[in-house]
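Please arrange chain S on chain A, whose structure you already have, making use of the hints.
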Amino acid sequence: GESVGLHLPTLSVQEGDNSIINCAYSNSASDYFIWYKQESGKGPQFIIDIRSNMDKRQGQRVTVLLNKTVKHLSLQIAATQPGDSAVYFCAETPGLETGANNLFFGTGTRLTVIP
Amino acid sequence: GAVVSQHPSWVICKSGTSVKIECRSLDFQATTMFWYRQFPKQSLMLMATSNEGSKATYEQGVEKDKFLINHASLTLSTLTVTSAHPEDSSFYICSATSGNIQPHGYNEQFFGPGTRLTVL
Chain A
22 GESVGLHLPT
32 LSVQEGDNSI
42 INCAYSNSAS
52 DYFIWYKQES
62 GKGPQFIIDI
72 RSNMDKRQGQ
82 RVTVLLNKTV
92 KHLSLQIAAT
102 QPGDSAVYFC
112 AETPGLETGA
122 NNLFFGTGTR
132 LTVIP
Chain S
19 GAVVSQHPSW
29 VICKSGTSVK
39 IECRSLDFQA
49 TTMFWYRQFP
59 KQSLMLMATS
69 NEGSKATYEQ
79 GVEKDKFLIN
89 HASLTLSTLT
99 VTSAHPEDSS
109 FYICSATSGN
119 IQPHGYNEQF
129 FGPGTRLTVL
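Quick mapping for you: the protein sequence lines, in order, are chains A and S.
Each residue of the first sequence is one higher than the one before, counting from 22 in my numbering.
Each residue of the second sequence is one higher than the one before, counting from 19 in my numbering.
Same shape as in the complex, but just chain S:
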C-alpha cells in the first residue's frame, strides 16, 4: 500500500516550453502533496506544499508563477514548469500524505519515483 507514481519518468523539452508533471497516489487519498527538486549530487529541496482544493504554499525563493501546482483531487497533483530554461533541469520528486497520523504524531510522506527534466 501507499504507492505514489509520477508521470512522466523523464522528459526532454526545448527552452521556453512548458512541462507538466503528474503525481498520483494510487491506493490512498492524499490530503497533502509535496513537491521537491533535486539537483545532481545534491539533496532534496522542498519547493511547495499543496492541500487538495486549496492553493499551494511555496517555499521561500520558489517562484509560484514559474512552478504552477494544482491539487484538484485527492489522488492527483500536477506541477507545471512554465517557460522552462536549462537551469530548470533537475529531478523533481513528489510525496503524498494520507492524513493518517502515526502514533508518534508524524504524518508519513510516501515518495514518488521522481521525474527527470532536461531542458535543452
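Bound conformation, chain A alone:
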C-alpha cells in the first residue's frame, strides 16, 4: 500500500518562531495532499491542502510546499503560537482521476510550542 512518513517525530519551537514539519511519501501517483492538526483526544482538523499540479499553497499563517521530484511535502507555520501545539499529520489520496478518496496518513509529528 501507499507509504507516507515523516522525518521528525517531535519538534519543539519557541513561541513566535516559524515551524517546519516535513513529510515524505512513496507513491509517485499521489494526487492530492492534506495536512491535519490533531489535538489530544480529538479528531483530525483540516489545515491546508495541495494538489499535485501545484508546488506551493498558502493559507493563514500556514504554507504547504510540495516537491514531487523527491516526493516531499512540508508544512510551514509562521509565528507559531501555543495553540499550535498538537500532532500534525500529512495525508495523501491517490488517483483522484479514479475517484478514490481514501486517505493514507503519515506517522505524525508532535509540535510543542514553548512560551
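If you are wondering where the hints come from, they were derived from the structure by calculation, not from laboratory data.
Every residue gets a Cβ at the ideal spot worked out from N, C-alpha and C, and that includes glycine.
Mixed in with the good hints there might be a few duds.
Claimed, not checked - Here are the simulated distance ranges between beta carbons:
1. A:R82 - S:P26: 30 to 36 Å
2. A:G37 - S:K82: 47 to 53 Å
3. A:F67 - S:E77: 19 to 25 Å
4. A:S49 - S:K32: 44 to 50 Å
5. S:K82 - A:R82: 28 to 34 Å
6. S:G79 - A:E36: 37 to 43 Å
7. S:R134 - A:N74: 35 to 41 Å
8. S:E105 - A:P30: 22 to 28 Å
9. S:D83 - A:M75: 39 to 45 Å
10. S:Q60 - A:G37: 26 to 32 Å
11. S:V21 - A:N88: 31 to 37 Å
12. A:I135 - S:S23: 48 to 54 Å
Chain S in isolation, oriented as in the chain A frame:
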C-alpha cells in the same frame, strides 16, 4: 457546517463484550463514511469504508466479523466491536463525505471527535 459527531466519546468494557460506536453527520447527508483506528502515539489507520445502503469495504487485515459496520442511513454509521479484547483498546475515529466534489476533484472528509475504547 459539516459537523460529524461520535457517541460515546469514551467507553470502558469487559473483555468478551461487544461495543457499538455511532458516527453521525449532523448537518449534511453522508454518502460515504470511513472508520479509522488510532493506537497511542501512532497514526490513523483506515479500517473500512461504508456507503449508505451497501456493505462496507474493509482494508486488508481488518476482520469484518470482528468489526461490524452498518451505514443504514445517510446520517448514521455504526461500528460494533464484537467480543472485544484488550488489544482492541484504541481511539476510533470516523469521517464522512457529502458527495460534493471540490473543484480539485477531492471529496473532503469531515472527521468526528473520536471514541476512546478501553477493554479491561
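Evaluation of the provided hints:
1. Between R82 (chain A) and P26 (chain S), the C-beta spacing of about 34 Å keeps the proposed range 30 to 36 Å intact.
2. A beta carbon spacing of about 50 Å between G37 (chain A) and K82 (chain S) agrees with the range 47 to 53 Å that was offered as a hint.
3. About 22 Å separates the C-beta atoms of F67 (chain A) and E77 (chain S), a value consistent with the hinted range of 19 to 25 Å.
4. For the pair S49 (chain A) and K32 (chain S), the beta carbons lie near 47 Å from each other, so the given range of 44 to 50 Å is met.
5. For the pair K82 (chain S) and R82 (chain A), the beta carbons lie near 43 Å from each other, so the given range of 28 to 34 Å is not met.
6. Hint check: G79 (chain S) to E36 (chain A), Cβ distance near 42 Å, so the stated range 37 to 43 Å holds.
7. Judged by the Cβ atoms, the range 35 to 41 Å given for R134 (chain S) and N74 (chain A) holds: they are separated by roughly 39 Å.
8. The given range of 22 to 28 Å is respected by E105 (chain S) and P30 (chain A), whose C-beta atoms sit roughly 23 Å from each other.
9. The hinted range of 39 to 45 Å is satisfied by D83 (chain S) and M75 (chain A), whose Cβ atoms lie roughly 43 Å apart.
10. Q60 (chain S) and G37 (chain A) have their C-beta atoms about 31 Å apart, which keeps the hinted 26 to 32 Å range intact.
11. Judged by the Cβ atoms, the range 31 to 37 Å given for V21 (chain S) and N88 (chain A) holds: they are separated by roughly 35 Å.
12. Our hint of 48 to 54 Å for I135 (chain A) and S23 (chain S) is violated, since their Cβ atoms are close to 34 Å apart.
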